[in-house]
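Peer 1: Make the full structure from the sequences, and use the hints.
Yeah, the sequence shown ends on 408 if you go by this note's numbering, and it's all consecutive.
These are computed hints drawn from the structure, not numbers from a lab. It is possible that part of the hints are untrue.
[What the hints assert, rightly or not] List of simulated lysine-lysine pairs, PhoX-like, C-alpha gap at most 25 angstroms:
(1) K197 / K255
(2) K228 / K192
(3) K157 / K142
(4) K255 / K244
(5) K271 / K197
(6) K255 / K269
(7) K130 / K66
(8) K119 / K130
(9) K228 / K197
(10) K113 / K98
(11) K58 / K91
(12) K130 / K91
(13) K271 / K255
(14) K91 / K40
(15) K244 / K228
(16) K91 / K66
(17) K197 / K244
(18) K244 / K157
(19) K130 / K157
(20) K40 / K66
(21) K113 / K97
(22) K142 / K122
(23) K157 / K97
(24) K119 / K97
(25) K98 / K130
(26) K122 / K91
(27) K142 / K113
(28) K119 / K157
(29) K244 / K142
What you are looking at is a predicted structure, and each value in this text was computed from that prediction instead of being measured.
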Amino acid sequence: MIIVKNEFTLALNQVASERGISVDDVIESMQAAILAAFHKEHPEMAEDESVEVRIDKKTGETHLFKDDADITPPGFGRIAAQTARQVIVQKIREVEKKTVISHYQDEIGNLIKGRVIRKDFKTVFVDIGKAQAVLPREEQMKYESYNVNDRYVFYLKEISEDRGYSRIVVSRAHPQLVAKLFEREVPEVASKTVEIKVVVREPGERAKIAVHSTQPGVDPVGACVGQKGIRVQTVTNELNGVEKIDIIQWNEDPKIFITSALSPAEIEKVKVDLDENKAEVTVQEAQAPLAIGRGGVNVNLAGRLTGFAIDIIQIPSEDGKEKAEKTSSKETSEGEKEKASKEPSKQEVPEQPTQEQPSKQEEEKTGDSAPEDKEIPQEEQSSEEGVPQEESASEQPDDSTNTTSGTK
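Peer 2: So, in structure tokens, the structure goes:
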């Protein structure tokens, strides 16, 4: 089987150039294909490893040799060529695929842009340039539809083997997607001046990132936020604009770190058990919703960020404490009880004393003061009867505190 020199050289170089592979790889694929075609026509020599194919790179002349003897069959032509062509295409595809996989193997852990080309029930298929990647269900973000031709920035997670085929897996839900976006947008992070210690996410809802400065005088949180919040907003926009990002300064003191991790809630006290990796965090009732977050997202992310199982303990708010002190003082002394009952009446009805004075003068004139003497104790009694209700409402949180847990 002979190919004209010019045609062979042209075809060889063209295939190698278009496929992005070397000429030697093309020659090796051709040799394997021709040998397979020969074994198909001569099965009796299929196990003979001494048979080899020699291709002249200059002329394209192809011969079969066994122990340096030319054994090329006279009719080894059209059938062998057709078989060789099929195998050559397959071999070239395999070489091409290996080249592509090798290229993307070096990109694992980096950002990559892609376009949605197809979507089935669970998996999204993405065009990433030289290859096709898959976005599994578990790597997808909430509230993203992934319509055909939609473009996203992905995190190249891994290259896995599936039934003998290599599969490039990308992600939109991986925590490192956030870290790599900050590395792209923040020069201080790219230069390692600001170090990202930990990133945790609830994809599509909230993310927390702990940062630390490796140089004195550099504000790691301010560097990531950027002037007027432009840097963190750019990262948020890449996450479809719906995921909130909390940037927290990392601290080796677990109490300080946990307090910062539960932002934006205001923390009263943190008690840490280093042996069990547990923490009890005390907050006022008004701050509890912020500390816990919707569906427990905030406290769970804080626990994963710090590595502690966090229990939120609620105490009465400052208003509740003041009410409790006032009600307890009414029970201890009769004089304070009368004072406490009169003060609200002055605040609620400031003109009441001026209205009572004329009524007393009229009573002195008429000499009938008994009805008024009965009414006054009734008013005092009604105000005193309302006191125990306030005490029970304000003291109830002290008897049984509310606790919410955050898991790792």
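Peer 1: Evaluate each hint against the coordinates.
Peer 2: Here is what the structure says about each hint:
no.	hint	result
1	K197 / K255	holds, 17 angstroms
2	K228 / K192	holds, 23 angstroms
3	K157 / K142	holds, 18 angstroms
4	K255 / K244	holds, 24 angstroms
5	K271 / K197	holds, 23 angstroms
6	K255 / K269	holds, 9 angstroms
7	K130 / K66	violated, 41 angstroms
8	K119 / K130	holds, 19 angstroms
9	K228 / K197	holds, 24 angstroms
10	K113 / K98	holds, 21 angstroms
11	K58 / K91	holds, 21 angstroms
12	K130 / K91	holds, 18 angstroms
13	K271 / K255	holds, 7 angstroms
14	K91 / K40	holds, 17 angstroms
15	K244 / K228	holds, 16 angstroms
16	K91 / K66	holds, 24 angstroms
17	K197 / K244	holds, 18 angstroms
18	K244 / K157	holds, 23 angstroms
19	K130 / K157	holds, 17 angstroms
20	K40 / K66	holds, 17 angstroms
21	K113 / K97	holds, 20 angstroms
22	K142 / K122	holds, 13 angstroms
23	K157 / K97	holds, 18 angstroms
24	K119 / K97	holds, 23 angstroms
25	K98 / K130	holds, 12 angstroms
26	K122 / K91	violated, 32 angstroms
27	K142 / K113	holds, 19 angstroms
28	K119 / K157	holds, 19 angstroms
29	K244 / K142	holds, 13 angstroms
Figure legend: structure checked against the earlier numbered hints; hints not met, in rising order: 7, 26.
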